[in-house]
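Peer 1: Okay, here's what each chain looks like letter by letter:
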Amino acid sequence: MIEAQTRRRLYTFPLHRRDSIGSAYHVLTFEANEPIAALPGQFAMVRSTTWGDAPLLPRPMSLLTGGTRPSILIKVVGEGTMRMAYASSGEQFELLAPLGRPWSPLPEGHRAVFVAGGVGVAPLVFLAQALGEARAGGEMPLALYGGRTHADLPLDAELAAVTELRVATEDGSRGTHGRVTVLLEKALDELSGRAIKVYTCGPDPMMAAVARICAERHVACEVSLETPMACGYGVCLGCPVPRRPAGYLYACTEGPCIDAALIDWERGHGVSAGQKARGAS
Amino acid sequence: MSANVDLRVDVGSLTLKNPILTASGTFGYGLEYDDFYDVAELGGICTKGLSLEPRHGNPPDRICETAAGMLNAIGLANVGVEAFCRDKLPILRQRGVTVVANVFATTVDDFVKLAQRVDQEEGVAAIELNVSCPNVDKGGLEFGCDAQAAARVTAACRAVTRLPLWVKMSPEAGDIRGVGLACQEAGADALTAINTIRGLAVDPRTWRARLANRTGGLSGPALKPLALRIVWDLARTVRIPIIGIGGVATAEDAVEFLLAGATAVQVGTANFADPMASKRALDGLADYCRERGMNARDLIGKMR
Ligand SMILES: Cc1cc2nc3c(=O)[nH]c(=O)nc-3n(C[C@H](O)[C@H](O)[C@H](O)COP(=O)(O)OP(=O)(O)OC[C@H]3O[C@@H](n4cnc5c(N)ncnc54)[C@H](O)[C@@H]3O)c2cc1C
Ligand SMILES: Cc1cc2nc3c(=O)[nH]c(=O)nc-3n(C[C@H](O)[C@H](O)[C@H](O)COP(=O)(O)O)c2cc1C
Ligand code: FES
Numbered sequence: 000m001i002e003a004q005t006r007r008r009l010y011t012f013p014l015h016r017r018d019s020i021g022s023a024y025h026v027l028t029f030e031a032n033e034p035i036a037a038l039p040g041q042f043a044m045v046r047s048t049t050w051g052d053a054p055l056l057p058r059p060m061s062l063l064t065g066g067t068r069p070s071i072l073i074k075v076v077g078e079g080t081m082r083m084a085y086a087s088s089g090e091q092f093e094l095l096a097p098l099g100r101p102w103s104p105l106p107e108g109h110r111a112v113f114v115a116g117g118v119g120v121a122p123l124v125f126l127a128q129a130l131g132e133a134r135a136g137g138e139m140p141l142a143l144y145g146g147r148t149h150a151d152l153p154l155d156a157e158l159a160a161v162t163e164l165r166v167a168t169e170d171g172s173r174g175t176h177g178r179v180t181v182l183l184e185k186a187l188d189e190l191s192g193r194a195i196k197v198y199t200c201g202p203d204p205m206m207a208a209v210a211r212i213c214a215e216r217h218v219a220c221e222v223s224l225e226t227p228m229a230c231g232y233g234v235c236l237g238c239p240v241p242r243r244p245a246g247y248l249y250a251c252t253e254g255p256c257i258d259a260a261l262i263d264w265e266r267g268h269g270v271s272a273g274q275k276a277r278g279a280s
Numbered sequence: 000m001s002a003n004v005d006l007r008v009d010v011g012s013l014t015l016k017n018p019i020l021t022a023s024g025t026f027g028y029g030l031e032y033d034d035f036y037d038v039a040e041l042g043g044i045c046t047k048g049l050s051l052e053p054r055h056g057n058p059p060d061r062i063c064e065t066a067a068g069m070l071n072a073i074g075l076a077n078v079g080v081e082a083f084c085r086d087k088l089p090i091l092r093q094r095g096v097t098v099v100a101n102v103f104a105t106t107v108d109d110f111v112k113l114a115q116r117v118d119q120e121e122g123v124a125a126i127e128l129n130v131s132c133p134n135v136d137k138g139g140l141e142f143g144c145d146a147q148a149a150a151r152v153t154a155a156c157r158a159v160t161r162l163p164l165w166v167k168m169s170p171e172a173g174d175i176r177g178v179g180l181a182c183q184e185a186g187a188d189a190l191t192a193i194n195t196i197r198g199l200a201v202d203p204r205t206w207r208a209r210l211a212n213r214t215g216g217l218s219g220p221a222l223k224p225l226a227l228r229i230v231w232d233l234a235r236t237v238r239i240p241i242i243g244i245g246g247v248a249t250a251e252d253a254v255e256f257l258l259a260g261a262t263a264v265q266v267g268t269a270n271f272a273d274p275m276a277s278k279r280a281l282d283g284l285a286d287y288c289r290e291r292g293m294n295a296r297d298l299i300g301k302m303r
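Keeping their order, the protein sequence lines are chains A and B. Going by numbering that gives the first Met the number 0, the first sequence opens with residue 0, and the numbers climb by one from there. Going by numbering that gives the first Met the number 0, the second sequence opens with residue 0, and the numbers climb by one from there.
Any given hint could be a false lead.
[Claimed, not checked] Computed list of chain A residues with no C-beta within reach of chain B, every gap over 12 Å:
(1) Arg110
(2) Asp170
(3) Lys196
[To be verified] Pulled a few chain A residues facing chain B out of the computed Cβ check, cut under 10 Å:
(4) Ala23
(5) Pro54
(6) Tyr232
(7) Arg266
Hint data in this document are derived by calculation from the structure and do not stem from the laboratory. No residue lacks a Cβ here, since even glycine has one placed at the ideal position from N, Cα and C.
Given only the sequences and the hints, what does the whole structure look like? Please build it.
Peer 2: This is the structure we're talking about:
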């Protein structure tokens, strides 16, 4: 299913449609005149040609789909995502894609367990769909999805279509009351003795907690990293993530998808600040 | 393509095939562009700043966007001069890329060692001395802000290499023309102007500086008017060529710098927004010159 990375290119595509999910989330679908050969977990650097010098830099966004209808799920947090949320059909966008390391394949005989937070769901929906296509009558992934409130669970229906879905909200407005990690601990208890692999994407503090729980139980865990990026293809060195035991790895080329055991979750400004949240918290 | 335009320019004894280079720290080691275009077409590439030993760089966050620009505090993360000479340079040489080795150290002795090391290699066209990095505790900026210190580094390196020496100016020097003159007297072949200028961004929600290092170097379009003014000032002050840098993104930007007195330009932050930016600037410059029936050299210092 998951093969070597393809050639990266700067594509210019018009926005085909924008679908809003509540006020904070939007799916942008582009009209590709040639398909993007992207694998689940890969991302694009995205920018509208109307931006000019502000915002200057493209924004990294996980691909929700590739092919001739590439799409992204965005959460409005600042200037760039706000502009994307107001874009109208036909507006020209530049997508530098496909970038970064995709999710690694699900090992033979393993059950996939997804842990998603908020907008971190995008690369997992892509993966679940790909696993579904590859699976001939096998098991569906088990997806655990958390948000602050019921409105922070975009694409839950899309996820439910291709996984066995369980949700949690911090305010109890939907599913289990509490954090998604509560669901994870419970699921790992249920599945104990089975070969499983956890794929997770969401806010840093959530991924750090998931990584810790998996490490304690010797369960394989792969994360999709989030860090600010200027280039997305390895030249600015602006996207370091603390590596164990020392040094850094670069999220755009050595990630974003990477074995959680390689990351030092305690070190680093961005991680400890816990403010950059791809998802709900 | 550029059959009837001559884009060559002379930076001292070094003739570049055209005046569009890439800026140190914004183009990796030049090998990252295979998917996009042949970087040997450019006038040259400046490597990420090389130090004697590999450096991990500063903790995250290292970058943030600002109005018409960005701040960076990378902290000169690099593979080290040995790994560069062993792993990267042979490939660049084989592809015919004009390579400018940007080097960085915190002492004069280490600058000398770097110059000696690079000098031993085939395929390096020039050395660019980074005496103006704002993002490291020690060394960087002090050399670039003090005419005598900058001249000391330049003279010491001049003594150990036959390669052209470019010295990268800091906009933070109080008397930048004095620094430029001192470097010229000490044997610099060209001045690169400018490096980034220190800036700060604060997050009003968390009350924290946005960068872990707190301050970072400002680059991008926001820097361009300052860079142009400094290029113009330096070009009226020194005899050696000036390489203009700061917010160059398009052919028109490059033309502005040439008219203000630069002999060549370097494209930096623009490479992040568009990996093809340098190549587009080059093609655009060829068109600009062709339309006017002139060569790149004809533009230098012609501002009225
Ligand atoms: C590999 C990768 C994949 C990503 N995939 C997605 C995706 O699929 N969908 C998506 O919506 N986002 C995704 N992100 C995050 C996204 O890139 C940022 O949210 C975006 O760059 C913010 O840009 P902005 O201009 O709106 O905000 P800025 O103006 O740059 O920042 C505004 C404020 O928001 C803060 N901020 C920045 N990012 C976030 C964030 N994610 N959440 C909360 N606060 C933030 C900043 O610190 C700042 O204070 C991904 C990031 C990476 C590295
Ligand atoms: C991310 C980043 C890293 C940089 N690293 C270096 C470096 O290693 N050595 C150096 O001399 N200049 C470095 N610079 C400065 C640039 O070479 C250039 O002087 C500056 O960015 C201004 O040009 P620009 O506005 O076109 O980017 C760096 C700039 C950026 C943005
Ligand atoms: S984003 Fe530039 S190196 Fe990773």
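Peer 1: Can you verify the interface hint for Arg266(A): is its Cβ closer than 10 Å to any Cβ in chain B?
Peer 2: holds (7 Å)
Peer 1: Restraint: Ala23(A) near chain B, CB-CB cut 10 Å. Satisfied or not?
Peer 2: Cβ of Ala23(A) sits 16 Å from chain B, so the hint is violated.
Peer 1: Could you let me know if the closest chain B CB is still more than 12 Å away from the CB of Arg110(A)?
Peer 2: Label holds. Min Cβ-Cβ 33 Å, cutoff 12 Å.
Peer 1: Holds or violated: Tyr232(A) as interface residue toward chain B, Cβ cutoff 10 Å?
Peer 2: holds (6 Å)
Peer 1: Hey, is Lys196(A) genuinely clear of chain B, shortest beta carbon separation above 12 Å?
Peer 2: Lys196(A) is indeed farther than 12 Å from all Cβ atoms of chain B, at 27 Å.
Peer 1: Just double-check Asp170(A) for me: nearest Cβ-Cβ distance to chain B has to come out over 12 Å.
Peer 2: Non-interface label stands for Asp170(A): nearest chain B Cβ at 21 Å, farther than 12 Å.
Peer 1: Mind checking the CB of Pro54(A) against every CB in chain B and telling me if the closest is under 10 Å?
Peer 2: With a minimum Cβ separation of about 6 Å from chain B (threshold 10 Å), the hint on Pro54(A) holds.
Violated hint: 4 only; the structure is consistent with all others.
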